[in-house]
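The residues making up each chain are set out below.
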Amino acid sequence: MKPKHQRLVLGLLALGAVAGAAGLALSALQDQAAFFYAPGDIAGKPVPTGKAVRLGGMVAAGSIVRKADGVSIDFVVTDGKAKVPVAFRGVAPDLFKEGSGVVAEGKFNPDGSFTADNLLAKHDERYMPPQVAGKMHKTETLEK
Amino acid sequence: MIAEAGLAALWLAAAFALVQLMLAWGAARNGENPNVGMLMTALRRTALVQGLLALLSFALLIALFVRSDMSVVLVATNSHSLKPMIYKVAGAWGNHEGSMLLWVTVLAISGAGVAAFERRLASATLAATLGAQAAIGLGFYAFLAFASNPFVRLNPAAPDGQGLNPLLQDPGLAFHPPTLYLGYVGLSVAFSFAVGALVMRDVGPAFARAMRPWVLAAWIFLTVGITAGSYWAYYELGWGGWWFWDPVENASLMPWLAATALLHSVTVLATRDGLRAWTLMLALVAFAMSMIGTFLVRSGILVSVHAFAVDPTRGTFILALLGIYIGGALALFGARVGTVTQGSTFQLVSREGALVLNNLLLSVVLGVVFIGTLYPLAAQAAGVQLSIGAPFFNKALVPVALALVAATAAGPLLRWRRDNMNALAKRVLIPTAAAGLAFAILFALAGGAHFVPVLGIAFAVGLGVASVVPVVRRNLRRTPLYVWGMVIAHLGVAVSIAGMAADSAFKTERLAAIQVGQNVTVGPFRVTLAEVRPQIGPNWSALEARLQVRRGDGKMFELFPQQRFFSTPPTNTNEAAISTLLDGQLYTVLGQGDDQGRWQIRLWWKPFVTLIWLGGALIALGGLLALIGRVRRERRADAEAWA
Numbered sequence: 061m062k063p064k065h066q067r068l069v070l071g072l073l074a075l076g077a078v079a080g081a082a083g084l085a086l087s088a089l090q091d092q093a094a095f096f097y098a099p100g101d102i103a104g105k106p107v108p109t110g111k112a113v114r115l116g117g118m119v120a121a122g123s124i125v126r127k128a129d130g131v132s133i134d135f136v137v138t139d140g141k142a143k144v145p146v147a148f149r150g151v152a153p154d155l156f157k158e159g160s161g162v163v164a165e166g167k168f169n170p171d172g173s174f175t176a177d178n179l180l181a182k183h184d185e186r187y188m189p190p191q192v193a194g195k196m197h198k199t200e201t202l203e204k
Numbered sequence: 013m014i015a016e017a018g019l020a021a022l023w024l025a026a027a028f029a030l031v032q033l034m035l036a037w038g039a040a041r042n043g044e045n046p047n048v049g050m051l052m053t054a055l056r057r058t059a060l061v062q063g064l065l066a067l068l069s070f071a072l073l074i075a076l077f078v079r080s081d082m083s084v085v086l087v088a089t090n091s092h093s094l095k096p097m098i099y100k101v102a103g104a105w106g107n108h109e110g111s112m113l114l115w116v117t118v119l120a121i122s123g124a125g126v127a128a129f130e131r132r133l134a135s136a137t138l139a140a141t142l143g144a145q146a147a148i149g150l151g152f153y154a155f156l157a158f159a160s161n162p163f164v165r166l167n168p169a170a171p172d173g174q175g176l177n178p179l180l181q182d183p184g185l186a187f188h189p190p191t192l193y194l195g196y197v198g199l200s201v202a203f204s205f206a207v208g209a210l211v212m213r214d215v216g217p218a219f220a221r222a223m224r225p226w227v228l229a230a231w232i233f234l235t236v237g238i239t240a241g242s243y244w245a246y247y248e249l250g251w252g253g254w255w256f257w258d259p260v261e262n263a264s265l266m267p268w269l270a271a272t273a274l275l276h277s278v279t280v281l282a283t284r285d286g287l288r289a290w291t292l293m294l295a296l297v298a299f300a301m302s303m304i305g306t307f308l309v310r311s312g313i314l315v316s317v318h319a320f321a322v323d324p325t326r327g328t329f330i331l332a333l334l335g336i337y338i339g340g341a342l343a344l345f346g347a348r349v350g351t352v353t354q355g356s357t358f359q360l361v362s363r364e365g366a367l368v369l370n371n372l373l374l375s376v377v378l379g380v381v382f383i384g385t386l387y388p389l390a391a392q393a394a395g396v397q398l399s400i401g402a403p404f405f406n407k408a409l410v411p412v413a414l415a416l417v418a419a420t421a422a423g424p425l426l427r428w429r430r431d432n433m434n435a436l437a438k439r440v441l442i443p444t445a446a447a448g449l450a451f452a453i454l455f456a457l458a459g460g461a462h463f464v465p466v467l468g469i470a471f472a473v474g475l476g477v478a479s480v481v482p483v484v485r486r487n488l489r490r491t492p493l494y495v496w497g498m499v500i501a502h503l504g505v506a507v508s509i510a511g512m513a514a515d516s517a518f519k520t521e522r523l524a525a526i527q528v529g530q531n532v533t534v535g536p537f538r539v540t541l542a543e544v545r546p547q548i549g550p551n552w553s554a555l556e557a558r559l560q561v562r563r564g565d566g567k568m569f570e571l572f573p574q575q576r577f578f579s580t581p582p583t584n585t586n587e588a589a590i591s592t593l594l595d596g597q598l599y600t601v602l603g604q605g606d607d608q609g610r611w612q613i614r615l616w617w618k619p620f621v622t623l624i625w626l627g628g629a630l631i632a633l634g635g636l637l638a639l640i641g642r643v644r645r646e647r648r649a650d651a652e653a654w655a
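Same order as they appear, the protein sequences are chains A and B.
Residues 61 to 204 (our numbering) are what the first sequence spells out, left to right.
Residues 13 to 655 (our numbering) are what the second sequence spells out, left to right.
What the hints contain is simulated information worked out from the structure, not anything from laboratory work.
C-beta atoms are modelled at their ideal positions from N, C-alpha and C, and glycine is treated no differently.
It cannot be assumed that every hint is accurate.
If you want the footprint, here are the derived chain B segments under chain A, 3+ residues with CB under 8 angstroms [what the hints assert, rightly or not]:
| # | stretch |
| --- | --- |
| 1 | 108-118 |
| 2 | 375-386 |
Computed list of lysine to aspartate or glutamate pairs in DMTMM-like fashion (alpha-carbon distance at most 20 angstroms, straight line) [what the hints assert, rightly or not]:
| # | chain 1 | residue 1 | chain 2 | residue 2 |
| --- | --- | --- | --- | --- |
| 3 | A | Lys127 | B | Asp607 |
| 4 | A | Lys111 | A | Glu158 |
| 5 | A | Lys157 | B | Asp607 |
| 6 | A | Lys157 | B | Asp606 |
| 7 | A | Lys157 | A | Asp177 |
| 8 | B | Lys519 | A | Asp91 |
| 9 | A | Lys111 | A | Asp91 |
| 10 | B | Lys407 | A | Glu165 |
| 11 | B | Lys407 | A | Asp91 |
| 12 | A | Lys143 | A | Asp129 |
| 13 | A | Lys111 | A | Asp171 |
| 14 | A | Lys127 | B | Asp285 |
| 15 | A | Lys143 | A | Asp177 |
Working from the sequences, and respecting the hints, build out all of it.
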């Protein structure tokens, strides 16, 4: 192979790698990006079931029900416009309480309820995305 | 006085960086002048003094934290007089300003290291390299002085400090940031070498041999820093995971991927004089990734335990620096790449070919991580809110990672320049058979339930066998150290991947609420809650569970997971209790109590999970052996050249 050709082949391979990375990433983005919803965003619309999403809002007053097994909780997330019932099994963060903000990571069920694998409470410094904080702040202000 | 002295040292260091840049300019322009030796000596000494001044400034900041000098804003907002001494020292970099000072200090010390030890590079190229290092330094000195001054006074002084984020109050803080930064910022040397070589049009095997030890050293620290950070997150967060695909974690992974690719391509350049332009590009990209990581973590664009403060001017400042340095380097590359003459060529089936494949696959991984990390930020700018986590990265990266493992296994079995497929097929016969056997056994045991992790373990077994082939039937005592380094590092990759796959396939989790005296089972263990009792630490109080664990009919042992309450600042943390056994770890977390006297207990049995970090340690050890081997060999070659 002539040097010039080799350089060309290497260049094309590098381009191929970039295209491959973009292709892989885009196809995975299509079904694996977790969108963020507030209850009002999806009221009256078909819910995206079976996909990992984040649901953010306030824990509605008087809605927390602790189940008999000691590790399951049912509660309602609201943003003042709509409500979504959430079921969670696990150790809830310390700041999880009625009337304060929460982000639930999990999936919607076909009946419109939400099953959460993980809860992030407001002021939980760990891994709270700023957009969530922003949205919850807005919601909080609306409630007041 | 200490704070003023620290600030003065910082400004002086910046002044020396400016002098260094001007001396470098002069030395690089007058490479042929017989008197350039004097200029070079002055340049080297200036770089040394700059490094020492930055180190002094950093030491003075630590002194302020040790003395709990509450008349300094940074100490008052991030420390507390009752904090244990180790966290007073480590707390100096457990905040935005202090960690940026550490960043700059590592940058200056790296430059000083090059000035002190680099003897192989042509003097003009070395001058340009030190000039580039000084230019990077100037930007970040300005960032410290104008946007992140760690030495600002507080008047009147605070009665006591606000304390350090309890999540950071862990021995990991003493270890993880400094090693990570040594790697992260150490890559600036590769960047400056590439800039120097481009400016002086001096790219070739000699340049590559000079650059390689610096890349290796940075890469070793980066490997150690990432491995330690992963283990820290694993035991400190109490979530049972060891990698969360958090943007901040990705920020350290991206430079590592680029540096790993660079490490392999620089070998092609040093040994065979191939991949000249590509190697330069990777050297620029590796440090560009470090700077992008710094931007992501330190600008406040992300909120996490790593992002200490939100101040928009800082983000803009770092972004401007990023634009100048990365843009400038890429422009230089674009302008000069045409003058980088073609190196020697090679056949596709050859060691070089395998290394090219390795580089391409690593670039694909880097590209996917880059997109996955930055896409949410781009989407946010477009008004869409989303997050990207493990499902995305697993889906996009697993196939590439498996291909990468196969290439890693085959590469060292190929000859340089040209080889043939049939010969390779014979050499990979045994590793492939081992992988096939492992797959058959595990598939029979696990069934189709964990197909991908089982495939991962099989590939890891194949790589493990293949990685030791280069030393089989060789005189082991005469095998060069850097060959051992490669063997051990590749073995480390196999070990680490086996651990990841085993954890993913075979971990079991149990969550229950039980009263004192009751028990739960997880995997082969029966765990009894014997007692929940209060505990007092130096600056925290805690509820501690005494768990009695028995495996089958084996001997009983105890674990003590805690819930800690810190008063300054008021925060709760979970302290997981972990028992490390030969075949895995039992991970226990104490949750909340309820009104019926029950306590939430969360348990994980994670078979072979320790292999993940053991593999990381092996990779770093391999790097260290390779570094020692290379430096020794170069020394010997130098001595022979003089004799």
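Results of checking the hints against the structure:
A stretch counts as covered by a chain when three or more of its residues have a beta carbon under 8 angstroms from one of that chain; for the stretch 108-118 of chain B and chain A the count is 0, and the coverage is violated. With 8 residues having a Cβ less than 8 angstroms from any Cβ of chain A, the stretch 375-386 of chain B passes the three-residue criterion, so the hint holds. Proposed proximity of Lys127/A and Asp607/B is supported: the alpha carbons are some 12 angstroms apart, at most 20 angstroms. A C-alpha spacing of about 27 angstroms is found between Lys111/A and Glu158/A, which places the hinted pair above 20 angstroms, so the restraint is violated.
Among the hinted pairs, Lys157/A with Asp607/B is consistent with the structure: their alpha-carbon atoms are about 16 angstroms apart, no more than 20 angstroms. Distance restraint check for Lys157/A and Asp606/B: the Cα-Cα separation of roughly 14 angstroms lies within the 20 angstroms cut-off, and the hinted pair is therefore satisfied. Between Lys157/A and Asp177/A the CA atoms are separated by roughly 17 angstroms; this keeps the pair inside 20 angstroms, and the hint holds. Proximity of Lys519/B to Asp91/A is assessed by CA-CA distance (about 26 angstroms); at most 20 angstroms being required, the pair is judged violated.
Of the pairs offered as hints, the one joining Lys111/A and Asp91/A holds, with about 7 angstroms between alpha carbons and a cut-off of 20 angstroms not exceeded. A hinted pair counts as satisfied when its Cα atoms are at most 20 angstroms apart, and Lys407/B with Glu165/A qualifies at roughly 19 angstroms. Between the alpha carbons of Lys407/B and Asp91/A the distance comes to roughly 10 angstroms, so the proposed pair stays at or under 20 angstroms and holds. Our distance criterion of 20 angstroms between C-alpha atoms is broken by Lys143/A and Asp129/A, whose separation comes to about 25 angstroms.
Note on Lys111/A and Asp171/A: the hinted pairing holds, with a Cα-Cα distance of about 14 angstroms set against a maximum of 20 angstroms. Distance check on the hinted pair: Lys127/A and Asp285/B sit about 68 angstroms apart at the alpha-carbon level, beyond 20 angstroms; violated. Of the pairs offered as hints, the one joining Lys143/A and Asp177/A holds, with about 19 angstroms between alpha carbons and a cut-off of 20 angstroms not exceeded.
Hints 1, 4, 8, 12, 14 from the earlier list are contradicted by this structure; the remaining hints agree with it.
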